[in-house]
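S.K.: Go ahead and model the full structure; you've got the sequences and the hints to work with.
All residue numbers for the sequence shown refer to the UniProt record's numbering, where the first residue is 1 and numbers rise by one.
These aren't lab readings, by the way, just hints derived from the structure by calculation. Please read all numbers here as calculations on a predicted model, not as lab measurements. Hints are not guaranteed to be accurate.
Stated by the list, open to error - DSS-like, lysine-lysine: derived pairs with alpha carbons at most 25 Å apart:
| # | residue 1 | residue 2 |
| --- | --- | --- |
| 1 | K74 | K124 |
| 2 | K152 | K164 |
| 3 | K349 | K327 |
| 4 | K124 | K52 |
| 5 | K261 | K164 |
| 6 | K164 | K253 |
| 7 | K124 | K82 |
| 8 | K255 | K152 |
| 9 | K70 | K124 |
| 10 | K253 | K327 |
| 11 | K255 | K349 |
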Amino acid sequence: MSLLLSDKVWVMLSEVAKRGVYPTHSAKLGIYRLPVDIVGQSEVNAVMSELKTYGYVLDNYADRIFVTFKWNEKGFDIYTNKEQSAELYVTVEIVIGEVLDIIYQIKPLETFGDLYWIRNYRQKADHNAKIIIDNIIRNTKIGQKLITYYQKIQKLSPVESIKKLESITPLANAQKNLKEEKKSLVNPSLTSTTGKPSVENLNENQSIASSVAVPSPAPRSNAAKLSANTTIQLTGTGTDYQAAGGPIDTGFKAKRQPVGKFQGIQVWGPYDSPGQLGIWGTDVCVDFDICISDGACIDACPVNVYEWLDTPGHPASERKPFMIREKDCIFCLACENVCPPQAIKIFVK
Numbered sequence: 001m002s003l004l005l006s007d008k009v010w011v012m013l014s015e016v017a018k019r020g021v022y023p024t025h026s027a028k029l030g031i032y033r034l035p036v037d038i039v040g041q042s043e044v045n046a047v048m049s050e051l052k053t054y055g056y057v058l059d060n061y062a063d064r065i066f067v068t069f070k071w072n073e074k075g076f077d078i079y080t081n082k083e084q085s086a087e088l089y090v091t092v093e094i095v096i097g098e099v100l101d102i103i104y105q106i107k108p109l110e111t112f113g114d115l116y117w118i119r120n121y122r123q124k125a126d127h128n129a130k131i132i133i134d135n136i137i138r139n140t141k142i143g144q145k146l147i148t149y150y151q152k153i154q155k156l157s158p159v160e161s162i163k164k165l166e167s168i169t170p171l172a173n174a175q176k177n178l179k180e181e182k183k184s185l186v187n188p189s190l191t192s193t194t195g196k197p198s199v200e201n202l203n204e205n206q207s208i209a210s211s212v213a214v215p216s217p218a219p220r221s222n223a224a225k226l227s228a229n230t231t232i233q234l235t236g237t238g239t240d241y242q243a244a245g246g247p248i249d250t251g252f253k254a255k256r257q258p259v260g261k262f263q264g265i266q267v268w269g270p271y272d273s274p275g276q277l278g279i280w281g282t283d284v285c286v287d288f289d290i291c292i293s294d295g296a297c298i299d300a301c302p303v304n305v306y307e308w309l310d311t312p313g314h315p316a317s318e319r320k321p322f323m324i325r326e327k328d329c330i331f332c333l334a335c336e337n338v339c340p341p342q343a344i345k346i347f348v349k
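M.R.: In structure tokens form, the structure reads like this:
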């Protein structure tokens, strides 16, 4: 366990026991135990890469990933009659292994100096730590593995699994949305016409997640320029779709028609991006509408047939294992055998 728990150990039996552990020493601490595993440097790097987009300060040592969020506090000092500012931070620690522990500690305000003019420091630090935790769980490989756990162990459907993940991570993306809100305040043309409250008008004790609702930015297209090898786009108007359930239809070639190619890889319809992507591949075939992006196939493939392809806006997962080196397949069936939703079919030559 973490050194943060050197004087006492708490064990959380399930995700519903999330947060709110108060030890006897001076700092407040929370721990969240998840029934998923993160092992190997490649998985650690994947988690850290996914968290970089939130502006966190990241560090990795041994079996720990440290995720730090910094924010600025401003206030009026009644003794000096001046406006003051200070940079504060809170760190969430991910303890990796066969089970996952997510831990955070709120340091005493005195750690940062004589900042007596700051109000509600502990509540703000606790709120920011919980936002970090929700982003870790929902927006990284950890969330994908948790969805797989719900499907295999709790026998939930893909849609039910995603809804459950969303229900336990209500603060995910709050910090990203706050950044978008700040941008809109700088550039009025970006401000929503629905009259959303600005950051300055937020009550100090209100939840940022519940008070600031900012439209998500339009998904980026990672499709190459259309050519003979790439005739389809990954963006479009097809947004009214739900994740499909497995397994892949092994007889799809007799029922579906090719609709185009992406970087030379055959795509079988129906296709209505970004919400419906069809089945990709000729010999190494993946139903992108079933795929939940758990990464088992990428880890299992001995010849590196797959690499990640971003598919923003897809209901099952926003990245897919793209069989870019399909011609290198040795037909060992490793990827097909480890796929949790059974989204892969290998046609052995």
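S.K.: Against each hint, give a clear statement of whether it holds in the structure.
M.R.: Here is how each hint holds up against the structure:
1. The suggested pairing of K74 with K124 holds, with an alpha-carbon distance near 13 Å, which does not exceed 25 Å.
2. A C-alpha spacing of about 14 Å is found between K152 and K164, which places the hinted pair at or below 25 Å, so the restraint holds.
3. For the hint linking K349 to K327, the alpha-carbon distance of about 11 Å falls within 25 Å, and the restraint holds.
4. Annotation: proposed proximity of K124 to K52 holds, straight-line Cα distance about 22 Å (limit 25 Å).
5. This hinted pair does not check out: K261 and K164 have alpha carbons roughly 35 Å apart, beyond 25 Å.
6. Between the alpha carbons of K164 and K253 the distance comes to roughly 34 Å, so the proposed pair goes past 25 Å and is violated.
7. Annotation: proposed proximity of K124 to K82 holds, straight-line Cα distance about 23 Å (limit 25 Å).
8. Annotation: proposed proximity of K255 to K152 is violated, straight-line Cα distance about 29 Å (limit 25 Å).
9. For a cut-off of 25 Å, the pair hint linking K70 to K124 stands: about 11 Å separates their Cα positions.
10. Note on K253 and K327: the hinted pairing holds, with a Cα-Cα distance of about 19 Å set against a maximum of 25 Å.
11. A C-alpha spacing of about 21 Å is found between K255 and K349, which places the hinted pair at or below 25 Å, so the restraint holds.
Violated hints, in rising order: 5, 6 and 8; the structure is consistent with all others.
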